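Student: Residue-level listing of the chains:
Protein chains: 2
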Amino acid sequence: MRIAVDAMGGDFAPREVIEGAILAQTQLNVDIALVGDRDILANYLKQHNYQESDRLEIVPSEGIIEMDDEPLEGLRRKPNSSIAVAMNLVKRKQADAVVSAGHSGAAMAAALLRLGRLPGVDRPAIGALFPTQVAHKPVLLLDVGANVDCRPKFLEQFAIMGSLYSKYAIGIQEPKVGLLNIGEEACKGNELAIRVHQALQDNPQITFAGNAEGRDILKGQFDVIVCDGFAGNIVLKFAEGVGNAVMQILKEELPKGWRGKLGALILKPNLKKVKERIDADEYGGALLLGVAGICVISHGSSNAISIRNAIRVAKDAVDHGVLDRIRGQIKPKVSIPADDTPDDPPT
Amino acid sequence: MRIAVDAMGGDFAPREVIEGAILAQTQLNVDIALVGDRDILANYLKQHNYQESDRLEIVPSEGIIEMDDEPLEGLRRKPNSSIAVAMNLVKRKQADAVVSAGHSGAAMAAALLRLGRLPGVDRPAIGALFPTQVAHKPVLLLDVGANVDCRPKFLEQFAIMGSLYSKYAIGIQEPKVGLLNIGEEACKGNELAIRVHQALQDNPQITFAGNAEGRDILKGQFDVIVCDGFAGNIVLKFAEGVGNAVMQILKEELPKGWRGKLGALILKPNLKKVKERIDADEYGGALLLGVAGICVISHGSSNAISIRNAIRVAKDAVDHGVLDRIRGQIKPKVSIPADDTPDDPPT
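Line by line, the protein sequences give chains A and B. Residue numbering for the first sequence follows the numbering used here, starting at 1 and increasing by one per position. Residue numbering for the second sequence follows the numbering used here, starting at 1 and increasing by one per position.
This is chain A alone, in the form it adopts within the complex (with noise of 0.2 Å):
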């Protein structure tokens, strides 16, 4: 398996990226091209001794999408970018998955423009796992910020892409799909939530075990919690917010006093424990649901952790032929009449 792996894309790069795909090689046995600036590539290789070779490949492009840049517009001005590079190696069939720290919003144009969408997919979602009170039961929550604004039938297909891979990736048999609302009863929610809430019951590709509540999402009763892309991005971002926010309080609080800084020196083992729990980093990158190929997206500040985490969950993926499992699943029609407002152009 060739992962190829965008070099250039997120804060850190290329440094954490390169030092996370090493990682990945040597612990996942997986090969990977590392997609960048030739120059700048194989000067940090050779400073750091590390070895290029058939395992690990510097395959060139010129030029990134910034953060500024608007995905399309970037893509056009910059064909050979590193994120279209490596795109299209997995085009090309030179690499099996993509794995991206860069601008999300340039890899899911890239994904479209260069892979496409698996057939009867209105639009691919963003899937996020996120950690749950359960110890290894993560959930994933779809779409984290592809779609801002959605019909009903997206949620749906997210429902459905979701399960699939919570299946067949995670190795859950039955996934239990909750949709991300205000409240437990069918009637709460703004209008997309109410409908949507319908839809899935209504349909038997999945099994839905009803709205699941904010509070909810880190229980570890939901396998697959849906939403568009507007709530579930907040709650990603939030969330990231939220571990930082507790790490900052452990580390002013318990270092307090005599006692604080004895009793610190004596937990350092378990407190180890409890950021890898609650640490973003710790949790694979989030993974483009709906188009024709694997591709995750790790968040910007990704460090080499992150980036073998989400080369992990790529691998992952490919091993367990998601794609094929998804692939034909999405019926063109689906259990909702057609929306009374327009079809907008797939972006």
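Treat the hints with care, since some could be wrong.
Because identical chains share one entry, a pair is satisfied inside a single copy or across any pair of copies.
[To be verified] In silico lysine-lysine, DSSO-like type, Cα no more than 27 Å apart, as pairs:
| id | residue 1 | residue 2 |
| --- | --- | --- |
| 1 | K251 | K268 |
| 2 | K167 | K137 |
| 3 | K219 | K176 |
| 4 | K219 | K256 |
| 5 | K219 | K261 |
| 6 | K167 | K93 |
| 7 | K256 | K273 |
| 8 | K78 | K188 |
| 9 | K261 | K275 |
| 10 | K93 | K78 |
| 11 | K137 | K275 |
| 12 | K272 | K251 |
| 13 | K251 | K273 |
| 14 | K251 | K219 |
| 15 | K256 | K137 |
| 16 | K219 | K188 |
| 17 | K219 | K273 |
| 18 | K137 | K176 |
| 19 | K256 | K272 |
| 20 | K219 | K167 |
Keep in mind that the hints were calculated from the coordinates and are not lab data. Quick caveat, the model's predicted, so the values are computed rather than measured.
With chain A held as given, fit chain B onto it using these hints.
Tutor: Below, chain B alone, put in the same frame as chain A:
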């Protein structure tokens, strides 16, 4: 000052509500009208050697609005329910504020029916205070659940009301207002967010500090963050869930092994401080902004501490004349041109 407390509302009513009210009465120096079933309340007071007095008076009510009651219908069927009677006390100026941990929809409906809206306010909002990474610098998020489908002018009004609350009740000279959104740029977000961004930028009554992403909520650089009640409610309940999950993880991981047990014992006082800073119970209830009275809604699982803190929020709002500060500040004409969508009837 006299606060009407809905003694029958909440998962742990009346016990925790009464205990919280008594805490408030002694610690915050307020008079309490305990509204509820006279027999139940009198019995509880007697059993626990509390004295009914002018400062802690039972005001009898009949029945409660249950969580599965539809608010308006419930209030019609039970006009003497605890929340209705409590609201009447404020209406008749026999109390300065209401605090309830019961059905929040019913509290909102009772406030609208009994007290009405402040002039110019289209939709009252529920504002919740969140602790931030910066000690003693809370942020007010609104709306957290009263209005699931919002029009731009609602959020503009939330921003004005939130600013005035932040200024007068919390004492922030020039409150920085953020718009909850999924990116920093003005062009980011769903249709609602894009329109509200423009409106807030143009509004001279507030200091607009731009979009606030999920990760910014707890950073402490915003004093007020506005959003629709759907996103806000999800954030509110997710925060609650995260707090619980973090405390759960700390409880599981810290005392592991002999080092853990020893360290956790030594760190006990500091861990208590951590809990206080993370725990939702430590932060007062949510305030109804835009109704013609002070009403504070505490979460359903409120314990005595939460109730006391909710009463403190109510007291602060009364002390600082928040109502009079807001009254007259919401102009019927706002800077946003009329929507083409028809105005839905007030809920």
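Student: Compare the structure with each hint and give your call.
Tutor: Quick rundown of the hints versus the structure:
no.	hint	result
1	K251 x K268	both (11 Å within a copy, 15 Å between copies)
2	K167 x K137	within (13 Å within a copy, 44 Å between copies)
3	K219 x K176	within (13 Å within a copy, 34 Å between copies)
4	K219 x K256	between (31 Å within a copy, 22 Å between copies)
5	K219 x K261	between (32 Å within a copy, 26 Å between copies)
6	K167 x K93	within (25 Å within a copy, 59 Å between copies)
7	K256 x K273	both (21 Å within a copy, 10 Å between copies)
8	K78 x K188	between (46 Å within a copy, 22 Å between copies)
9	K261 x K275	both (18 Å within a copy, 18 Å between copies)
10	K93 x K78	within (22 Å within a copy, 68 Å between copies)
11	K137 x K275	both (17 Å within a copy, 25 Å between copies)
12	K272 x K251	both (12 Å within a copy, 14 Å between copies)
13	K251 x K273	both (14 Å within a copy, 12 Å between copies)
14	K251 x K219	both (25 Å within a copy, 15 Å between copies)
15	K256 x K137	between (34 Å within a copy, 20 Å between copies)
16	K219 x K188	within (20 Å within a copy, 31 Å between copies)
17	K219 x K273	both (19 Å within a copy, 24 Å between copies)
18	K137 x K176	within (12 Å within a copy, 39 Å between copies)
19	K256 x K272	both (18 Å within a copy, 12 Å between copies)
20	K219 x K167	within (19 Å within a copy, 37 Å between copies)
Violated hints are absent here; each numbered hint is respected by the structure.
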